[in-house]
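Enquirer: Heads up: the sequence lines are chains A and B, in that order. Under the numbering used here, the residue at position 211 of the first sequence is numbered 211, and the numbers go up by one with no gaps. Under the numbering used here, the residue at position 161 of the second sequence is numbered 161, and the numbers go up by one with no gaps.
Hint data in this document are derived by calculation from the structure and do not stem from the laboratory. Where a beta carbon is used, it is the ideal one built from N, C-alpha and C, also for glycine. A portion of the hints provided could be inaccurate.
Stated by the list, open to error - Covered stretches of chain B (chain A as the covering partner; in silico rule of three or more C-beta atoms under 8 Å from a C-beta of chain A):
| no. | stretch |
| --- | --- |
| 1 | 10-23 |
| 2 | 33-46 |
| 3 | 111-125 |
| 4 | 132-143 |
| 5 | 164-170 |
What the hints assert, rightly or not - Think about it this way: if two alpha-carbon atoms lie no more than 16 Å apart in a straight line, the pair counts; the simulated EDC-like pairs of lysine to aspartate or glutamate are:
| no. | chain 1 | residue 1 | chain 2 | residue 2 |
| --- | --- | --- | --- | --- |
| 6 | A | Lys142 | B | Glu92 |
| 7 | A | Lys142 | B | Glu39 |
| 8 | B | Lys108 | A | Asp218 |
| 9 | B | Lys108 | B | Glu92 |
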Amino acid sequence: MTVPARPPDAPEPVTARWPDAARPLRSRSARTAPVRPTPAVLGWDGSLLLPGFWMVSLLLVVGGVRIATLLRDGFAAYPVATSVALLLFGLYAVPFWLFVGALDFLEREPPVLLACAFAWGALVATTVSMSGSPAGHNLLAKLGSPELAANWGSAIAGATVEEIAKTLGIVAIALVARSQVNSVLDGVVYGALVGLGFQVVEGVVYSLSAVALAGRGDAVDPVVATFFLRGFLAGPWSHTLFSALAGAGVGYLVVRTDRSAPSRVGTAALALAGAWLCHFLWNSPLLGDGLGYGGLGVLAGLLAKGVPPLLMILWLVRVARAREADFYLGQLAALGDPRVVTDAELAVLGRAGLRAEARRYAHGRSGLRGGRAVRRLQRAQARLAVALSRVVPPGTDPRQLRAAVRSDADAGRWYREALAQRARLLRLRHPEALAPHQRRTTTRRWATGGLVTVAVFVVWLAIRALGGA
Amino acid sequence: MVVSPTRPMPNLIASLAVLVAAALLAFGLPALDRALPAERPVEADQRYEVGAGVSVLPPAGALLDVTRTRPREDRGTALFVLGGVRYAIVVEPFDGTLPAAAERLRQKITAGRGYQVAGVERPAVTATGLAGIRGGYTAPRRAGRYSVFLVDGLVIEVTVSGADAALRGVLDRIDASTRSLAVRSPR
Chain A
1 MTVPARPPDA PEPVTARWPD AARPLRSRSA RTAPVRPTPA VLGWDGSLLL PGFWMVSLLL
61 VVGGVRIATL LRDGFAAYPV ATSVALLLFG LYAVPFWLFV GALDFLEREP PVLLACAFAW
121 GALVATTVSM SGSPAGHNLL AKLGSPELAA NWGSAIAGAT VEEIAKTLGI VAIALVARSQ
181 VNSVLDGVVY GALVGLGFQV VEGVVYSLSA VALAGRGDAV DPVVATFFLR GFLAGPWSHT
241 LFSALAGAGV GYLVVRTDRS APSRVGTAAL ALAGAWLCHF LWNSPLLGDG LGYGGLGVLA
301 GLLAKGVPPL LMILWLVRVA RAREADFYLG QLAALGDPRV VTDAELAVLG RAGLRAEARR
361 YAHGRSGLRG GRAVRRLQRA QARLAVALSR VVPPGTDPRQ LRAAVRSDAD AGRWYREALA
421 QRARLLRLRH PEALAPHQRR TTTRRWATGG LVTVAVFVVW LAIRALGGA
Chain B
1 MVVSPTRPMP NLIASLAVLV AAALLAFGLP ALDRALPAER PVEADQRYEV GAGVSVLPPA
61 GALLDVTRTR PREDRGTALF VLGGVRYAIV VEPFDGTLPA AAERLRQKIT AGRGYQVAGV
121 ERPAVTATGL AGIRGGYTAP RRAGRYSVFL VDGLVIEVTV SGADAALRGV LDRIDASTRS
181 LAVRSPR
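Chain A on its own, in the form it takes in the complex (with noise of 0.2 Å):
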């Protein structure tokens, strides 16, 4: 079977980064932030044997009774703002993490990994958190003065104390399941969701303690108003982005063994020094009362404080999305294999943008069969980029590549799956899954950028409601 001509109403495709087998030996990954892929050994038993597994466990059972002690009381005093507390953050942490699931679409990481890391900044580090910083805060108080404890207590303390705490759930992640952690951009995508597990229970603390100081009963307008101030001023600058940059950290830690263990750890440590950092300057008074003129100065002053971090952040998960990206389609470009992947594939597979709109194309062009079709050789190709990256080093003939699909039982699974869904697409007349349309993409990142300024400006309303100025 080969993959007859394109359509002629399709098109130029995307240039190929891949030419020959032999580039993804000087990929960027190879020099920059190499993937080490999950081996196929072992099964859940081999976690169970790990201390670092019952140590998660332990942590998370203490954290689990602490917190449902919490809200438990919480259900007691005020049952109506609880629930809405729990249902405003609950449905908050949706597009989250859908969010930070798709970073990974290449490599997915096992959903019980993420609901562990979620788990942890819920319930552990909210947990050591409750006792560590109001200490920190004291101890500010009692070392310098209750004035520097009031006004940078939460900036010194409050990030000292949750930026160890979440990120001590990265490195658990890594001790339960180590080769889960392949990649820079696995422990970005662990420590987003530790910080969102952290924000989402934080704000519900935060919630009832406004209820409590409200003092007007069982009332919902503090809930509203919390969530308000930190899900839509803090929340795309907070705890979830603070804690991605940690997550990087760890994961090169994890991931560079051919370096130092001085320049892994100090590295990790740097990365977590601007967790810190990021969350000091957005708990700091700095720039406390905005930029003056009212309301729009307080949110040029919230964007001042909020968006380099968060530019910073995802120009990080860019590139380290796109180094593994680099090193699994390298693998599937060494293969060969045009029914498999085609140049244009291979570059459209590495960018969800292009992966979205090459599903939009084959819906316009063979209707829903056609999506389904491209979404499922996407899958395909991905799934067995990674298989293969399990079973043989990057730069291997295709010849042995080939052997090892032959021979690889999850290998040949995925590479007669992309055949299969090639041939659905060949019978539907759209024989590649190409995103033609770039300009489409830009339109849409442009509307994307129209519904981001929206936003901004629904949050300077919040910003007057809440009395901002």
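Add chain B to chain A, keeping to what the hints say.
Expert: Quick look at chain B alone, frame taken from chain A:
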């Protein structure tokens, strides 16, 4: 789901390190906090800034609990301790009426188990003319007084609590201190 083998001994050491680090944050910091004294002497003749421009002359012989004192630009709290008596002042933004502020403070007080408001409320006024309401409450083995003042978008809540005998001995000094509450104008 696949997990590669990892050597148990390094894993044990690293796990213990994580456990110790978490324990240091959760128990070590609070233990260190408890080991250091929280109270500082304050001058009775110098106004103490509670926060948001509100100041007070501390009662003679009072110590300031720095762990419960947080002066900020828009709000603040201060806790003075006289023997076994706690004298707390809380200042925060409030856009309601004085009766609403008093009701809110009563709710906060009675939220504690065994705490009950006792007696009737009476008007209160400070030396600088701030008008408010004051009353009393009881708690297990303790008695208490509260006052609430409203000025310029701020509520000032004062609560005093301690064992009956200890409270009687210092109440005059605390009342004098409460009467000295003043707001810097304009905020």
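Enquirer: Hint by hint, note whether the structure agrees.
Expert: To see whether the hints hold, each was checked on the structure:
Coverage of the stretch 10-23 of chain B by chain A holds. Counting CB-CB distances below 8 Å, 9 residues qualify, and the rule asks for three or more. For the stretch 33-46 of chain B, the stated coverage by chain A holds: 4 residues have a C-beta nearer than 8 Å to a C-beta of that chain, and at least 3 were required. Residues of the stretch 111-125 of chain B with a Cβ under 8 Å from some Cβ of chain A number 1, which does not satisfy the need for three, so the listed coverage is violated. Only when three residues or more bring their CB closer than 8 Å to a CB of chain A does the claim for the stretch 132-143 of chain B stand; here the count is 0, and the claim is violated.
Counting residues of the stretch 164-170 of chain B whose beta carbon lies closer than 8 Å to any beta carbon of chain A gives 0, which falls below the threshold of three, so the coverage claim is violated. Only pairs whose Cα atoms come within 16 Å are accepted, and Lys142(A) paired with Glu92(B) is rejected, the gap being roughly 23 Å. Our distance criterion of 16 Å between C-alpha atoms is met by Lys142(A) and Glu39(B), whose separation comes to about 8 Å. A threshold of 16 Å between alpha carbons decides the hint, and for Lys108(B) with Asp218(A) the separation of about 13 Å falls inside it, so the pair holds.
A threshold of 16 Å between alpha carbons decides the hint, and for Lys108(B) with Glu92(B) the separation of about 14 Å falls inside it, so the pair holds.
Checked against the numbered hints above, the structure breaks hints 3, 4, 5 and 6 and satisfies the rest.
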